[in-house]
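**Student:** Listed below are the residues making up each chain.
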Amino acid sequence: MNEAMSYIFSFGFIHSILRVTTPILFATLGSVVAERAGTANIALEAIMLFSALGGALGSGLTGSLWIGFLLALASGLLITAILGVFALRLKADIILSGIALNLLGTGGTVFIMYTIIQDKGNTSSIATQVFPNWSIPVLDGIPVLGDILSGHNALTYLAFLMVFLVWGLLFKTRLGLRIRSVGENLHAAESVGIHVQRIQWLALLISGFLTSLGGAFMSMGYMNGFGQNMVSGRGFIALAAASMGQLHPVGGMLAALIFGTADAVSNVLAAARIPDEIVKMIPYVATIIGLVAFSILTRHKEQRRRQVTKAES
Amino acid sequence: MHKARSWLTKNFTVVRLAAAVLIGVLFAMAVITLISDDPAAAISKLFTGPLQSKRRFGNVIELMIPLTFAGLSITVMFAANQFNMGAEGAFYAGGAVAALVALNMPLPAFAHPAAAILAGGLIGGVTCLTAGALKVKWGTSELVTSLMLNYVMYYLFKYILFTGSGLKDPDCGYVATYKLPGTAVLPRIIQGTRIHAGLIVTALAVALIYVYMKHTKWGYELKLTGENQKFARYSGIGVGGVILASQFIGGVIGGTGGAVQVLGMYERFQWVSLPGYGFDGVIVAILARKNPLFVPVAAFFLAYLRIGSDAMSSSTDVTNEIISIIQSIIILFVSAKVFLEAYRQRMVVKEAVEHE
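Residue numbers (the numbering used here), protein chains in the order written: chain Z, 1 to 313; chain U, 1001 to 1356.
There may be inaccurate statements among the hints.
[As the list claims (entries may be wrong)] Result set (DSSO-like, lysine-lysine): computed pairs, CA atoms no more than 30 angstroms apart in a straight line:
no. : chain 1 : residue 1 : chain 2 : residue 2
1   : U       : Lys-1137  : U       : Lys-1214
2   : U       : Lys-1137  : U       : Lys-1223
3   : U       : Lys-1230  : Z       : Lys-310
4   : U       : Lys-1214  : Z       : Lys-91
5   : Z       : Lys-301   : U       : Lys-1137
6   : Z       : Lys-301   : Z       : Lys-172
7   : U       : Lys-1223  : Z       : Lys-91
8   : U       : Lys-1010  : Z       : Lys-91
9   : U       : Lys-1337  : Z       : Lys-91
10  : U       : Lys-1290  : Z       : Lys-91
Honestly, the hints are just simulated from the structure, not real lab data.
Quantities reported herein were computed from a predicted structural model and do not represent experimental measurements.
Modelling step: build the complete structure from the supplied sequences, incorporating the hints.
**Tutor:** Encoded structure:
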C-alpha cells in the first residue's frame, strides 16, 4: 500500500496518466467534433473496437506497421460511414443506430477475428506491430519534465497535438464555423445556404478518424494486439468527457485527463492488493460523479442567468 | 389485388419489419456462403438446428425467458423516451442479489424463490431508477450514466458474491458460489428440457406490463410523456414522476429477469461477466414495436436464431457471433425512417388513383 502511495506521487505516475488518457482523449475529440455538428456519435466504442482489430490484424498479418495503421483507420471509418448512411441518409435515430453498431462491435470483432485467425480471445498468435516510443532529444535531459513528457508512444503525442488541431479546426476555419452553426441551429444554417448534410457527413467522418486513432493506439501501443472487448467502455467514458468538457477540445482534454487519472490510479491500486473489482470500478464511478457534478453546475448557471434576466426586465 | 395492396399500406410497419429481418438474415447467409467450407450445412443448421431435438427446442424456450424480461424492461424504459441502458446492470445485480437471498436466508419452499426474486427485482429497479433520477433532477445524460452504472453494478456485485461475502466455493472447479439450496431454485416444469417455472413468472410479467402500459392511466401518461414531453407537461401530467416510475418499473423487470435466470438455470451463481441480456433487450423491444404483447414473440424469434447459431457453430466452421451482425442490421433498418418510404408512397398513390 505504501509503495502504491509513493508511486502515485512520482513522475512515473504522471507519465502513466498521459498513456492511459491517450485512447480516451482521441475518442473525446471525436465526440466533440460530431456533437458540435449536432450528430451524436454514440458508436465511439464500436469504432474503437473495429479499428483496434483492423490495426492488430493488418500489421500482424503483413508485418507492416503502416498497413496495420491504414487498416485501423479504414475499419473505423467504415463503421462511421455505416452510421452516416443510416443516420443522415436513411433518417434513422442516430442513438439507436449507435447502439446497433456497438452491439456489432462486441460480436462482430470476435466474428472477424475467429474467421481470420481461428481465435476468439485475442490476436496473440500473430505479431502485431507497435508504434514506437519517442524520447524527445532536449526534453529528455531535463529532470522532471523529461520524466513526465519524454518517452511516450508516438500516438500519445499525436493525441495531444490533435487537441490543438481540433481547436483550430472548430474555431479558426470556415469548415469549423459551419460545423458549429449546423450544430447550433440546423435551420438557420440551412437558410444561409450551408449544405447541412454535407457538413454533418464531414463532421462524422472526422469524428470517426479521430476515434479510429484511439482504436489504433489500443492494439498498437497501449497493448500489443487485440483482445476481445478490449475497449471496455472507453468510448462511453469519452462521451461523458466530451459533454463535461462542454464540447470544447481543451475542456474535453481536461475531462479525459481526469478519467485517465482514475484509470491510472486503478492500475496502481491493482498492484497494491486492493480487490480487483473495487479497483476496476474507479473510472466508472469517477465518470458518474464527474458528470453529475457538471450537470449540477450547468443547472445552477442557467438558473442564475434566468434570475439575472428577470431582474433586468 | 386491391385488398392485398391496401393491407400492405395499412400495415406498412409490419412490412418494413419483415424486410429488415429478411435483409439481416440474407446478409448473414451471404457472409456464411463467403467464409464457410460447407455453407449449405451451416445455413441449414442455423435455421433447423433448434428443431432437431426436444432438448434443443427446450433451449429456445429457456433463452426466450431472459430475452422477454430484457425486452419488456427496455420497452417500458424507452416508452418514456429515455435511452436508459441500465437493464444490463439490473440483470446482473438482480441475479446476484437473488443468489445472496437464496444462500443466506433459509425460507420454506415457495417463499424462498419469491423473496429472492423480489429482492433481485428491487435492486434492478434501484439501478435503472438511479440513471432516471439523475436525468430528471439534473439533466445528466441517462445513456452515459446508465452505461457507467452497468459496470459499477457488475464490479460491485462480482466483488460481493465472489470475495466479500465468503460465498465462493473453493472446491468448485470454476469461479462460482456454493450450490443454491433446493428450496430456492425454480423447479423444472417440462421433462427432457431445462424449461423451469420462471416461464410462469415471465407470462405474469408480460401480462402486468401490458395492463400497465395499455390499460391504466399511468400507461397513458407514459405514452404521452414519451411522445411529446412538453405537450404532456402542459396537459398537467407530472412528467418527472412518470419518467421515474417507468425507469423504476423497467429496472424491476430487468432485475426480476436476472433473478429468474439465476434461480432457474444454474446450480450456483456463476456470472463472471455481464450476461448481455440488457443489450439484447433493445433488439427485442424494437422488433416488438413498443407493444408488450409482442415482446415474447420477438424474444422467441431471437432465441430461435441464437440457438440455431449455437447449433451451427458447434458442428460447422462458422462461429455464433454472426448473430450480432443480423441483430445490428435489423435495428439499423427498422429505425431507418426513409427505408422503403418511396415504395410506400408509390403504393399509396396507386391506391388513391384506383379509388377515383
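**Student:** Against this structure, judge whether each hint is valid.
**Tutor:** Do the hints match the structure? See the list:
1. U:Lys-1137 - U:Lys-1214: It holds: about 27 angstroms lies between the C-alpha atoms, which stays within 30 angstroms.
2. U:Lys-1137 - U:Lys-1223: OK: U:Lys-1137 and U:Lys-1223 at ~21 angstroms, within 30 angstroms.
3. U:Lys-1230 - Z:Lys-310: 22 angstroms, holds
4. U:Lys-1214 - Z:Lys-91: Roughly 29 angstroms between the alpha carbons, so the hint for U:Lys-1214 and Z:Lys-91 holds.
5. Z:Lys-301 - U:Lys-1137: 15 angstroms, holds
6. Z:Lys-301 - Z:Lys-172: Holds, at about 27 angstroms.
7. U:Lys-1223 - Z:Lys-91: At roughly 23 angstroms apart (the allowed maximum being 30 angstroms), Z:Lys-91 and U:Lys-1223 satisfy the hint.
8. U:Lys-1010 - Z:Lys-91: 21 angstroms, holds
9. U:Lys-1337 - Z:Lys-91: 5 angstroms, holds
10. U:Lys-1290 - Z:Lys-91: 19 angstroms, holds
Comparing the model with each numbered hint stated earlier shows that all of them hold.
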